[in-house]
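Line by line, the protein sequences give chains S and Z.
Sequential numbering of the first sequence, starting at 3, is according to my numbering.
Sequential numbering of the second sequence, starting at 8, is according to my numbering.
Keep in mind that the hints were calculated from the coordinates and are not lab data.
On a predicted model such as this, the values are computed, not experimentally measured, just so you know.
Keep in mind that a hint or two might mislead.
[To be verified] Taking lysine-lysine and the DSS-like style, the derived pairs with C-alpha atoms no more than 27 angstroms apart in a straight line are:
no. : chain 1 : residue 1 : chain 2 : residue 2
1   : Z       : 49        : S       : 16
2   : S       : 59        : Z       : 49
3   : S       : 16        : S       : 85
4   : S       : 59        : S       : 72
5   : Z       : 49        : S       : 85
6   : S       : 73        : S       : 59
7   : S       : 72        : Z       : 49
8   : S       : 11        : Z       : 49
9   : Z       : 75        : Z       : 63
10  : S       : 85        : S       : 59
Below, each chain spelled out in residue letters.
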Amino acid sequence: DGGITQSPKYLFRKEGQNVTLSCEQNLNHDAMYWYRQDPGQGLRLIYYSQIVNDFQKGDIAEGYSVSREKKESFPLTVTSAQKNPTAFYLCASSTPGQEQYFGPGTRLTVT
Amino acid sequence: GESVGLHLPTLSVQEGDNSIINCAYSNSASDYFIWYKQESGKGPQFIIDIRSNMDKRQGQRVTVLLNKTVKHLSLQIAATQPGDSAVYFCAENTPQTGANNLFFGTGTRLTVIP
Numbered sequence: 003d004g005g006i007t008q009s010p011k012y013l014f015r016k017e018g019q020n021v022t023l024s025c026e027q028n029l030n031h032d033a034m035y036w037y038r039q040d041p042g043q044g045l046r047l048i049y050y051s052q053i054v055n056d057f058q059k060g061d062i063a064e065g066y067s068v069s070r071e072k073k074e075s076f077p078l079t080v081t082s083a084q085k086n087p088t089a090f091y092l093c094a095s096s097t098p099g100q101e102q103y104f105g106p107g108t109r110l111t112v113t
Numbered sequence: 008g009e010s011v012g013l014h015l016p017t018l019s020v021q022e023g024d025n026s027i028i029n030c031a032y033s034n035s036a037s038d039y040f041i042w043y044k045q046e047s048g049k050g051p052q053f054i055i056d057i058r059s060n061m062d063k064r065q066g067q068r069v070t071v072l073l074n075k076t077v078k079h080l081s082l083q084i085a086a087t088q089p090g091d092s093a094v095y096f097c098a099e100n101t102p103q104t105g106a107n108n109l110f111f112g113t114g115t116r117l118t119v120i121p
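Go ahead and model the full structure; you've got the sequences and the hints to work with.
Written out as structure tokens, the structure reads:
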């Protein structure tokens, strides 16, 4: 059963704590992406990776970090430096030039 | 029913009617466009795509039209069903921004009235 998985679906953290969101894909895609979505808004790109061991900042990378040690995995860490971390986080993957496939998302709430 | 995604973010249609969702894209260099459907609390789902060398592409009950002259994209849904209720996003890809990086519009919420 191929696809993208994100875990957990819901995540709660206290302010000041770092938290890591998981994203795994078994589609053999080279490129992976992290987006943030706020209520009633579109998707904003946080980080993307076109190949293992390489990644680039997107439009709103401040306060986030990523790693790409394996082709299948692209975890996102939301650090305490992120001013407004509460949001819906979406991971996606793609073959270059083709559509992006999205995971089910993780809803992070920081209080 | 018809809406412009960025100016009228909601569209209500009767079940069985056709829906038209519009999107104005920003970059004349964009060469690849995608429509996604997002249900509440879920990730976006691919509907249909079109490349800039085409004006029209059809799928099952959906048609995408591309007008490069005015930088306009539309999604037509035939015989709209309650299951079509969702937020619809258009996304554009511009080659110079990197392989397959997409810029998403704000989205249009489609509500189907039974």
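So, going through the hints one by one against the coordinates:
no.: 1; hint: 49(Z) / 16(S); verdict: 24 angstroms, holds
no.: 2; hint: 59(S) / 49(Z); verdict: 24 angstroms, holds
no.: 3; hint: 16(S) / 85(S); verdict: 13 angstroms, holds
no.: 4; hint: 59(S) / 72(S); verdict: 18 angstroms, holds
no.: 5; hint: 49(Z) / 85(S); verdict: 24 angstroms, holds
no.: 6; hint: 73(S) / 59(S); verdict: 18 angstroms, holds
no.: 7; hint: 72(S) / 49(Z); verdict: 25 angstroms, holds
no.: 8; hint: 11(S) / 49(Z); verdict: 10 angstroms, holds
no.: 9; hint: 75(Z) / 63(Z); verdict: 11 angstroms, holds
no.: 10; hint: 85(S) / 59(S); verdict: 17 angstroms, holds
This entry satisfies every hint, going by the numbered hints stated previously.
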